[in-house]
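Colleague: These protein sequence lines are chains A and B, in that order.
All residue numbers for the first sequence refer to the numbering used here, where the first residue is 1 and numbers rise by one.
All residue numbers for the second sequence refer to the numbering used here, where the first residue is 1 and numbers rise by one.
It should be emphasised that the hints constitute simulated quantities derived from the structure, not laboratory data.
Glycine is no exception: its CB is placed at the ideal position from the N, C-alpha and C atoms.
Errors might be hidden in some of the hints.
[To be verified] Label-pair ranges, simulated between beta-carbon atoms:
#	chain 1	residue 1	chain 2	residue 2	range
1	A	Asp347	B	Leu144	46 to 52 Å
2	B	Ala274	A	Asp404	48 to 54 Å
3	B	Leu47	A	Pro408	53 to 59 Å
4	B	Ala274	A	Thr176	55 to 61 Å
5	B	Ile46	A	Gln52	45 to 51 Å
6	A	Arg453	B	Leu146	19 to 25 Å
7	A	Ile333	B	Pro57	49 to 55 Å
8	A	Glu362	B	Pro57	24 to 30 Å
9	A	Asn242	B	Arg24	56 to 62 Å
10	B	Leu146	A	Glu463	55 to 61 Å
11	A	Gln52	B	Phe259	33 to 39 Å
12	A	Val180	B	Gly155	51 to 57 Å
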Amino acid sequence: MLHYRKPRRRIRHIVIFVSLFLLLIGAISTQAQDGGILRVGMNPPAVLDPAQISNDPELALNRAIYDYLVEVNPVDSSIIPEIGTSWTISDDGLTYTFTIAEGVAFHDGSALTSADVAFSFQHLKDVSSRALSLLGDYEVSAPDATTVTFTIPERNSVFLYGLASPQAVILKDGTTEANVLGEGDAAFANFNGTGPFILTAYTPGVGGKAVFTRNDNYWKEGQPKLAGMEQIYFADVDAQINALLSGEVDFIFKLPLAQVGTLGQNENVNVILTQTAQHAVIRLRTDAGHAGEDVRVRQALKYATDRDFLNDLLLDGLGTVGHNDPIAPAYGIFYNPDFQDIAYDPDKACELLSEAGIETLEGKLYAPIAFEYADLAATLQQMWGETGCINVEIETVEEGLYYDFSNPDNYFEVDLGITGWGHRPSPQILLRLAYVESGIESGWNESRYVDPRLEELVKQANETTDVEELKAIYAQVSEVFNDTGPIIIPYFAPLVSASSAAVTDLVVDPFPGLTDYRNVSVAG
Amino acid sequence: MSANQNSVESAAAPRLFSGRAALRFFGQVARRPLSLIGILIFVGFILLAIFGPTIAPHQFDELIRGAQRQAPSAEFPFGTDRLGRDVFSRVLWGAREIIIIPGVATLAAVILGTILGLTLGYYGGWLDEIVSRALDSLLAIPALVLALVMLGTIGPSNIGIIIVIVLLYVPIVTRVIRSATLNLRASGYIEAAKLRGESTSYILFREILPGVLPALAVEGALRFSYAIFLTASLGFLGLGVQPPSPDWGRMVAEARPNFARTPWELWFPAAAIAVLVIGVNLMADGLRRIFRYEGQI
Numbered sequence: 001m002l003h004y005r006k007p008r009r010r011i012r013h014i015v016i017f018v019s020l021f022l023l024l025i026g027a028i029s030t031q032a033q034d035g036g037i038l039r040v041g042m043n044p045p046a047v048l049d050p051a052q053i054s055n056d057p058e059l060a061l062n063r064a065i066y067d068y069l070v071e072v073n074p075v076d077s078s079i080i081p082e083i084g085t086s087w088t089i090s091d092d093g094l095t096y097t098f099t100i101a102e103g104v105a106f107h108d109g110s111a112l113t114s115a116d117v118a119f120s121f122q123h124l125k126d127v128s129s130r131a132l133s134l135l136g137d138y139e140v141s142a143p144d145a146t147t148v149t150f151t152i153p154e155r156n157s158v159f160l161y162g163l164a165s166p167q168a169v170i171l172k173d174g175t176t177e178a179n180v181l182g183e184g185d186a187a188f189a190n191f192n193g194t195g196p197f198i199l200t201a202y203t204p205g206v207g208g209k210a211v212f213t214r215n216d217n218y219w220k221e222g223q224p225k226l227a228g229m230e231q232i233y234f235a236d237v238d239a240q241i242n243a244l245l246s247g248e249v250d251f252i253f254k255l256p257l258a259q260v261g262t263l264g265q266n267e268n269v270n271v272i273l274t275q276t277a278q279h280a281v282i283r284l285r286t287d288a289g290h291a292g293e294d295v296r297v298r299q300a301l302k303y304a305t306d307r308d309f310l311n312d313l314l315l316d317g318l319g320t321v322g323h324n325d326p327i328a329p330a331y332g333i334f335y336n337p338d339f340q341d342i343a344y345d346p347d348k349a350c351e352l353l354s355e356a357g358i359e360t361l362e363g364k365l366y367a368p369i370a371f372e373y374a375d376l377a378a379t380l381q382q383m384w385g386e387t388g389c390i391n392v393e394i395e396t397v398e399e400g401l402y403y404d405f406s407n408p409d410n411y412f413e414v415d416l417g418i419t420g421w422g423h424r425p426s427p428q429i430l431l432r433l434a435y436v437e438s439g440i441e442s443g444w445n446e447s448r449y450v451d452p453r454l455e456e457l458v459k460q461a462n463e464t465t466d467v468e469e470l471k472a473i474y475a476q477v478s479e480v481f482n483d484t485g486p487i488i489i490p491y492f493a494p495l496v497s498a499s500s501a502a503v504t505d506l507v508v509d510p511f512p513g514l515t516d517y518r519n520v521s522v523a524g
Numbered sequence: 001m002s003a004n005q006n007s008v009e010s011a012a013a014p015r016l017f018s019g020r021a022a023l024r025f026f027g028q029v030a031r032r033p034l035s036l037i038g039i040l041i042f043v044g045f046i047l048l049a050i051f052g053p054t055i056a057p058h059q060f061d062e063l064i065r066g067a068q069r070q071a072p073s074a075e076f077p078f079g080t081d082r083l084g085r086d087v088f089s090r091v092l093w094g095a096r097e098i099i100i101i102p103g104v105a106t107l108a109a110v111i112l113g114t115i116l117g118l119t120l121g122y123y124g125g126w127l128d129e130i131v132s133r134a135l136d137s138l139l140a141i142p143a144l145v146l147a148l149v150m151l152g153t154i155g156p157s158n159i160g161i162i163i164v165i166v167l168l169y170v171p172i173v174t175r176v177i178r179s180a181t182l183n184l185r186a187s188g189y190i191e192a193a194k195l196r197g198e199s200t201s202y203i204l205f206r207e208i209l210p211g212v213l214p215a216l217a218v219e220g221a222l223r224f225s226y227a228i229f230l231t232a233s234l235g236f237l238g239l240g241v242q243p244p245s246p247d248w249g250r251m252v253a254e255a256r257p258n259f260a261r262t263p264w265e266l267w268f269p270a271a272a273i274a275v276l277v278i279g280v281n282l283m284a285d286g287l288r289r290i291f292r293y294e295g296q297i
């Protein structure tokens, strides 16, 4: 009898297993349908190796596959935990100890340990990744399975921002060459991250795309909401806009400002403006023999510049006017909106110049041919000309040539020029690059601006990670720039992105390639 | 008999200018409406270059506050651009630059090229071989590429553009004049002048030059229209004149990203370039037909 029962029980077992399996698939597919598939239009990436990536499409590909130890909050520039769920910083500021999230698995099924994290950061050093520009020198170790320790030789207030560098993805221990395409079934074995999406197909170049499917084992509950994502490659922005309008893609992240009005009229499109710290500086050289050597000349140019008018005219008022210093309103936690900086006063400008013994300030204003900078130069020429005491000629230079040190009239050498500065996650990065004495030799301090008060403040800011303390320091930095600074920052430019109306919960990162898609969903 | 007559006629050197020839010329032009249109357009633009800035209601670089991005209207016939500058005034001011820079450059290139071409064609021999091959090698490089390299080296300025155009066009003019001279060299009247013991410069400029004049007129007009295009192209690429210059090429380049919002900012300078180039081309074509110049253009 028993002999007859056994098979029946087996059948029952099989039936139960099969129905459970079907239920599971059903559950997954319902879940998948919920989030939908997000199609993002972008230029094709050139570099896949995460340690060497730099442009947005490259960031976006890696962002989908991998996780980070920590990330920068796109809204207020604070540091938020990721794989590193918590951390402590020793009193001397030289040791950072991270606790690693548990239950995290790579796409190949293996579990994440602290050794993987330590390997990933050692790898950045081994290949001299550009992430080192913020990280500086460090030693990394994994004392136990859930702890990672960094020791640095000197205090570095942007070390956490360095850990959040786009290149600092968490790799599987031993992956010295990540993101190399393999053969046949193993084509994407080397794209082995712990991230929210798994790469399933990749065709490089214009017309190609990267196809991702949801990582069902993702360690964050309920994420990602999307069933999958496609990153579709186009030759240029115009093609991307057309693709968005024709419904071929759901999201494009970097558009010319002029599109705000045009695309905004389309009710199927959401135009998304993200405030960034990207800006142009109008800067004077302050070293001996140059016009800006006299502080009164620097101040006169500030008084002669109506920044609100420039923002209205050139950016349709969509930019943010901060102070004449690199601490942008986009750095929410560090920006002081109450600070009263120098306001537009053309008479005061001429007064200061005549005090300095200058009847008419003559010069040549250099501008790279990029963004709206040539228009900015033409407008400044008129605006300054209206004062009656400032008369500049304009020379526009092809962008590549302008930033090329072999050109004698490069951005670093000219007396008066407009320079574009990209977004950076913390104001400290820019301050310690471009506005301190050591920046002169390293080729970043284009105005040769050296103010002992600023040197001291930047040094203080370098030695703390305390937000309140930094806030107080940056308030004083604004004062120094207002008193003697050699730069005018007309406005901080917004990033313009656009999505179809079906996309929800999308927060664009000021580095658009780093935009987080884990909470995004697309309605059917 | 007729062959004999021909040789007698060709033995008399054509004169540089004559009243009868001028009359015949205008008669020919009047009979060719397209050439007439071309010449009228050309003259019209010359007048614009001279009087445009006087007629223009605004300065080319004046930002009219609160008036940016206005569509064409009675107040602003061509509208205003993204910075609030009057496009009509800018196009008028721009006529001067687009005529003067290519005009001066073409004139210089034609004069230099004619002297070189006459000399090389008349003397021939090893000098001709060496110089002609050297000039040919210059011709092998695309004009715009050569212009970009040269302007990159000497820096963008009006003088720079003129130098570039002269360097680009001297070889072309030389080639045309040289081949025209080669055809005339063996003519009876040149032989006659030689036998009379005339000086070389007399033969070159009094005997041969009038003979190559049709080729020269056509070539000059054509070079001028190409020079306009080249100047506008360089302006478009940002390598020519500097902002806030109302150079038409630059205006087109600057208007391009704003086309969706202020299309008129692009229409008018682009149309001005097109009309001028078409006009000069019609004129050149007319001249070629009138002079029955069958050479290479």
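Colleague: Taking the hints in turn, state whether each one holds.
Modeller: Quick rundown of the hints versus the structure:
Range check, Asp347 of chain A to Leu144 of chain B: about 48 Å between beta-carbon atoms, so the 46 to 52 Å window is met. Separated by about 35 Å at the C-beta atoms, Ala274 of chain B and Asp404 of chain A break the suggested range of 48 to 54 Å. Hint check: Leu47 of chain B to Pro408 of chain A, Cβ distance near 42 Å, so the stated range 53 to 59 Å is violated. In this structure the supplied range 55 to 61 Å holds for Ala274 of chain B paired with Thr176 of chain A, their Cβ-Cβ distance being about 59 Å.
Our hint of 45 to 51 Å for Ile46 of chain B and Gln52 of chain A is violated, since their Cβ atoms are close to 58 Å apart. Distance hint check for Arg453 of chain A and Leu146 of chain B: the Cβ-Cβ separation is about 53 Å, which falls outside the suggested range of 19 to 25 Å. Distance hint check: the CB atoms of Ile333 of chain A and Pro57 of chain B are about 51 Å apart, consistent with the given range 49 to 55 Å. Evaluation of the 24 to 30 Å hint for Glu362 of chain A and Pro57 of chain B yields a pass: the beta carbon distance comes to about 29 Å.
The hinted window of 56 to 62 Å between Asn242 of chain A and Arg24 of chain B holds, with their beta carbons roughly 58 Å apart. Under the hint 55 to 61 Å, the C-beta atoms of Leu146 of chain B and Glu463 of chain A, about 56 Å apart, fit the expected range. Remark: the range hint 33 to 39 Å for Gln52 of chain A to Phe259 of chain B is upheld by a beta-carbon distance near 37 Å. The hinted window of 51 to 57 Å between Val180 of chain A and Gly155 of chain B is violated, with their beta carbons roughly 45 Å apart.
This entry does not satisfy hints 2, 3, 5, 6 and 12, going by the numbered hints stated previously.
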